[in-house]
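S.K.: Each protein sequence line maps, in turn, to chains A and B.
Numbered per the working numbering, the first sequence finishes at 366, counting up by one with no gaps.
Numbered per the working numbering, the second sequence finishes at 524, counting up by one with no gaps.
If you are wondering where the hints come from, they were derived from the structure by calculation, not from laboratory data.
On a predicted model such as this, the values are computed, not experimentally measured, just so you know.
Be aware that a few hints might be false.
[Stated by the list, open to error] Label pairs and their calculated CB-CB ranges: (1) 69/A x 422/B: 52 to 60 Å; (2) 403/B x 69/A: 57 to 65 Å; (3) 405/B x 152/A: 49 to 57 Å; (4) 422/B x 152/A: 51 to 59 Å; (5) 69/A x 420/B: 49 to 57 Å.
C-beta atoms are modelled at their ideal positions from N, C-alpha and C, and glycine is treated no differently.
Listed below, chain by chain, are the residues.
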Amino acid sequence: MSRPCGSNDRLGAMEKLVLRWFLIPFLAVALSARAEDQPASAVSREVKDIFDHCKRAVVKIHGADEHSELSGTGFFVDPTGTIYTTYSVAGEGANFSVEFDGKKLPARQLVADIRSGIAILKADTTSPALPIGKSEGMEVTAPVVAIGYPLDLPETPSLGLVGGFDRKYLGYYFHTTHLRVNVATQRGEAGAPLLNMKGEVVGIVAFTLENNSSCYALPIEAAEKIRSDFLRFGEVRHGWIGANLMQALEPKAGSSAEVTELLDNTPAANSGIHAGDILLQVGRREIHQPDDIIDASFFISAGDNVPITVMRGNERLTFSVQADVHPTTEQVQRIQRLQHPLMIAQPSTTQTTQPLSLEKAPERTP
Amino acid sequence: MDEFDNNEIGRLLRLKKYEQPPPGYFENFLHEFHRRQRDELLRQPLWRIALGRAQDFMMSLNVARMASYPVAATAVLLCAAVISLKIYQTTPAPNVARLSPAVPAQQAAEGGWSLAAPVSTRFTVSQPRTHLSTHRAATPPRYVLDSMPVSYESSLRF
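Only chain B is shown next, with the shape it has when bound in the complex (with noise of 0.2 Å):
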């Protein structure tokens, strides 16, 4: 603000004075002025709102004069009942997958070794997906049918 003596800021407030808003500026004025409003109150987060009708209807049904002291008592014991509850309520044991021998169960049953199928080593014995808490039984196959050969033609050669 140093920069500007009174004459300076004078010029620049008789500059001012010629600039005009955009016609149809104070038509538009309310319209615009309530639809930004609404823009504000909609970019408010959801819990907000919610919290500000909660609010609202509180207040209009006024707490203060209903809240006595049986109302109280009655709201403290609901939320121990329902807190007891809540822990003495027995935890079912937990379905957790239990590794395989490190040799296949198929060559541990027959007592013999072989370096042959590799791939049975990957899969582990759990048990069964159907206790588990989901809906599928099982992960699907993938069923086979491509959309296109395995394998191509080069050229035109013999």
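Chain A extracted, bound-state conformation (with noise of 0.2 Å):
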């Protein structure tokens, strides 16, 4: 059966209008979509391995403090039990257990250290280990999953970008760099550890913001340093050396730390150094600015010698000093206020006194 050549003709151009202007469109857009589609469920499926691979070694943490019966996160850090946390979860309680393996074992506190806000525990068990990577490499928006107990609930995973790296919050200094992290995080979910994409922890959940949408991680640097200091001293050992700083009014060097005072009978009085100096570098860590002390003196220990490089004119010194023990607030205010007694008003002596009398008195105007 033949159709007329015209009648063709119209059928054809009817499918390329069909063709050009609407499955052509609609293919597009369905191709795009599941384009986007694959990007999320690759990232839901990486959280997951993270989740399925470290979970296990994510524990909850139960104590007792003298208010109330509470309940924190924790995780090992290595195959014989040890455990990080925060201080708010292990620092003040007592009676502690973890659940591990759906059992709950006793568990044991190691060190309990408020200036770093970290609390490490001991469970007799062989367990599963997180590894540990680095927080300082990390760069704002890096990705990062958080794997806590809510309330409750049984683990749970979270995931979030790096917001920041602060020193201070609302014109408080922290003692080290915390890393601000957009993970929502609940009640129960303090001591949780951050892991990077590779599942390597790089910090661990201290504290939340407002409203819970975001929260402070304590790196995890700052962990393996107390931890450091407990296996080689069986304590935790805070290095000072005895110096105050403020911005300079003229930078050196590349550097606008300078150094005002140096408090007596500290480390820093016998160094060499001398008020008016503009630090350099502390230890390992180069210093740009006043805050850049804060990293640089958390990491010193005790007794450690810091070799300290200062700028002194147009000349560059390094000093080697050795550390002592981190004093309380109150001990250096102690120092700072027998160095500078307070000032106390005196009668004048050169004044000399004139004898009262009744025809010397002025005269009163009405």
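With the hints in hand, could you dock these two chains into one complex?
M.R.: This is the structure we're talking about:
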């Protein structure tokens, strides 16, 4: 059966029209939607892999302090049952136990360091361990996963991004740089490990910001420093030199951290460092501004010889200073009070006293 | 009243004669009167309002005419039945917390004495709370997540 040639042409034109204006756009939209789905599912798969691989090493911690029973999160960092968590979870309580492999095991406190906010527990068991990563190499927007125990719920993964590396919050300085991460956290998740996308621990969830939408995490390097001190000395030994810093009026050699004061009876007093020197390096950490001393100071251990490089005039000098034990704030204030005693008002001795006399009374105006 | 004589009172009354209420007083008088009346009604305690309404209701039913000997006897019997049921109902034994022995249970089981673990002495061994007439199984623990760091650096010193 043959069709007229003109009719065939018209049909072909219609087909082309449909193909051009409807089918091709439809296919393009469908393919692009599928292409958008692929990265989302890839991220989801990656998070699932991390969660499946790491969740066994994350434990729920129970304890009791003078107020009530408490519950938080921690994680194994070696195969002998050593657990990292925060001071708020295991710093001041007692009767600790951890939920691991469906069992409740007793745990004892090894370290509780209020300065860093880190506590270390030990459960007598063989355990899986999370690999330790580096927070220092991370960048803002790096994706991170936290695994914690919110409230009375089972282990829960939360995905977020590194929002910043902060040294102070609401006007107060931290003891070391903290990771601000856009990970929604709930009560019970203090002490949860913060993992990079390789499944390595880069931080410990410490405290939440307003409305729990994001949180601060202690850098894992801080916890490693505390653990290292404990292994070396059997206790945490924060070190200090005994110098105060301020913003210099004129930066030198790329640094604006000026030594303003050396406290008496401290390692700094006899080190050769002078007030007015510009600090360039403390240990292995370069100093560019006064804030940089936060991390440089935190990682000093008492008893260690710390090389300190300063700029004096146009001369670059390096001193080796043995760090002392970091005093408490009250002790520092006492030292400063001794160094700068308060000025007390006294009666002047130069002014001659004049006897009172009615004759010399000033005239009053009405 | 002894202080005022008739002249004095007369003078005061004459003065009163010139006193006028504020404009619109008489126009709003009825409205204000009803408003205050409603306020007074609402200011009564709830039980008095309920009692008043119950009285009105009973009066509308004309209870006096309905009250007869059979009705009264039935009411008495019903009351007696309810009271007797209450009296002869068995009361459950109360769930009372028992004090633990002076030493922690854990140590007593091991048979040894230790100065450690003073916290355990704070607890008393009580029957499970599920036996008590409460909906909560146990006091939930404090789930930890602070909103601030445990300490701050006091200043830029090292």
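S.K.: Could you run down the list of hints and mark each one as holding or not?
M.R.: Here is what the structure says about each hint:
no.: 1; hint: 69/A x 422/B: 52 to 60 Å; in the structure: holds (58 Å)
no.: 2; hint: 403/B x 69/A: 57 to 65 Å; in the structure: holds (59 Å)
no.: 3; hint: 405/B x 152/A: 49 to 57 Å; in the structure: holds (52 Å)
no.: 4; hint: 422/B x 152/A: 51 to 59 Å; in the structure: holds (55 Å)
no.: 5; hint: 69/A x 420/B: 49 to 57 Å; in the structure: holds (52 Å)
Comparing the model with each numbered hint stated earlier shows that all of them hold.
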